[in-house]
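*Asks:* Sequence:
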Amino acid sequence: MPGSALPQSQTSPPSDTSPPIGAPRSGGGRRELGRPAAFAALAAVFVLFMAASSAPSPLYVVYQQQWHFSATTLTTVFAVYVLGMIGALLVLGALSDHLGRRPVLLSALALEAVSMVLFLVADDVAPLLAARLVQGIATGAAMTTLGAALADLNPAHAPHRAGVVTGAAPTFGLGLGALGCGFLVQYGPHPTRLVYILLLAGLLLAGAVLLALPETSIRRPGAARSLLPRLRVAPRLRADLLGLVPILVASWALGGLYLSLGPSVAVTLFGLSSHVVGGLVVTLLTAPAFLTALLLRGWPTQRTLTLGASLLLVGTAVALTGVEETSLVTAALGTVIAGVGFGGSGLAAFGTLARIAAPSERGELLSVAFVISYLSFSVPAVAAGIAATHTGLHETFVAYAATVALLSALALLAQGLRSRRVPGSGTCPQA
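Using the numbering used here, the first residue of the sequence shown is number 584, and each one after it goes up by one.
Careful: at least some of the hints might be erroneous.
[Unchecked claim] Cβ-Cβ distance ranges computed for the label pairs, FRET-style: (1) L996 to V704: 15 to 23 Å; (2) L852 to A807: 47 to 55 Å; (3) L794 to E907: 50 to 58 Å; (4) P619 to E907: 34 to 42 Å; (5) R614 to P686: 17 to 25 Å; (6) L788 to P710: 19 to 27 Å; (7) H773 to L874: 44 to 52 Å; (8) V912 to V981: 13 to 21 Å; (9) G790 to L877: 25 to 33 Å; (10) E907 to V828: 28 to 36 Å; (11) L874 to A709: 38 to 46 Å; (12) Q648 to A784: 24 to 32 Å; (13) S856 to V981: 19 to 27 Å.
Hints listed in this document are in silico derivations from the structure and should not be mistaken for laboratory results.
Positions of the beta carbon are idealized from the N, C-alpha and C atoms, including for glycine.
Go ahead and model the full structure; you've got the sequences and the hints to work with.
*Replies:* Put into structure tokens, the structure is as follows:
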């Protein structure tokens, strides 16, 4: 399995030549956060970014009712965010390897705050598209930098903890943002404004914390050259990344289905009008994913990937059965099962990547992995939005879910073939 067949020098975290952490900054007299506090702060900021990214999901139905746009437009709003994110991953993914983690994170945080202001003033589709585009750029710039900084700060006694956080924080943040926004829309004042005010306040607080973040990456020349869009993986890492592609595609395609069309499915196919339910649809997928990433962090990579692919397949099939039979309980159960598969897949995939990359390779490698994930997250969802406009939501959901089930079966087959080709691949734990 990925990581386990590498030479011993590659299975342990590469030595980091970063500057000392926790000492006063020269000339300023300001104490920086120590390693444990900095690690926790970065994990919290990661969750905040992902919560902000999913907060608009329960509002899509509200926007659609207020501004009278089609399912195609809805998924276009969803896709613009991913377009901005992928563009940032391609252009800015390796920038923190040259300029340092802190300046890139602070810039991404400022840009995220700008997107919150755009959401607050949005009164039509055009400003909503602009807000999502800016948010996508900010999130893309932040994600690889956060993943790399967490890997830099890994505690020596738990060398795989960064991979666990990188795999769990997105799912936890996505569920938190969607469910929290659902409650605010249903029970709070100003349903299309309040959530963004609260997120903006959180971003300002995060900025104050990040100002005390220790720098964990030595500045290197070549920052301007790193902005040239490219997808580059060190040759020694390519086989490991390739082995993870099927499970990344299957799991994130499923995530795209729930975050783009999930609330609409709850309203249209099951007649559930509560905005809390719209957020709960997303949370039923992401909460089990988060808990799975925590509970299975000590499992071997191969076993975790096999479990993830298996439960993605089973859960998607059960959810599809629930939609076909208009059984809310069955659909919810399938979503939870698929969420466990989603969490196991992310844990094993990103845990492997965080472990095998050297400090100077982390930004680039995570950028490639996130590009693969979010292309899988967005392209099928946009196609589904177009299809829903022309053929209907029910037929689109059925076709999409069947495709995800097929992808999960292919991922399961790929893991089985790889385990046979790489003896002992199941012996490497996640954390």
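*Asks:* Confirm or reject each hint.
*Replies:* A quick look at each hint next to the structure:
1. L996 to V704: 15 to 23 Å: 49 Å, violated
2. L852 to A807: 47 to 55 Å: 50 Å, holds
3. L794 to E907: 50 to 58 Å: 53 Å, holds
4. P619 to E907: 34 to 42 Å: Given a distance of about 49 Å, which is not inside 34 to 42 Å, the answer is violated.
5. R614 to P686: 17 to 25 Å: Check passed, 19 Å falls within 17 to 25 Å.
6. L788 to P710: 19 to 27 Å: Holds: the Cβ-Cβ distance is about 26 Å, inside 19 to 27 Å.
7. H773 to L874: 44 to 52 Å: Given about 32 Å between the Cβ atoms, the range is violated.
8. V912 to V981: 13 to 21 Å: Given about 19 Å between the Cβ atoms, the range holds.
9. G790 to L877: 25 to 33 Å: Distance hint for G790, L877 holds at roughly 28 Å.
10. E907 to V828: 28 to 36 Å: 30 Å, holds
11. L874 to A709: 38 to 46 Å: 39 Å, holds
12. Q648 to A784: 24 to 32 Å: 27 Å, holds
13. S856 to V981: 19 to 27 Å: 23 Å, holds
In summary, the structure is inconsistent with hints 1, 4, 7 from the numbered list given earlier, while agreeing with the others.
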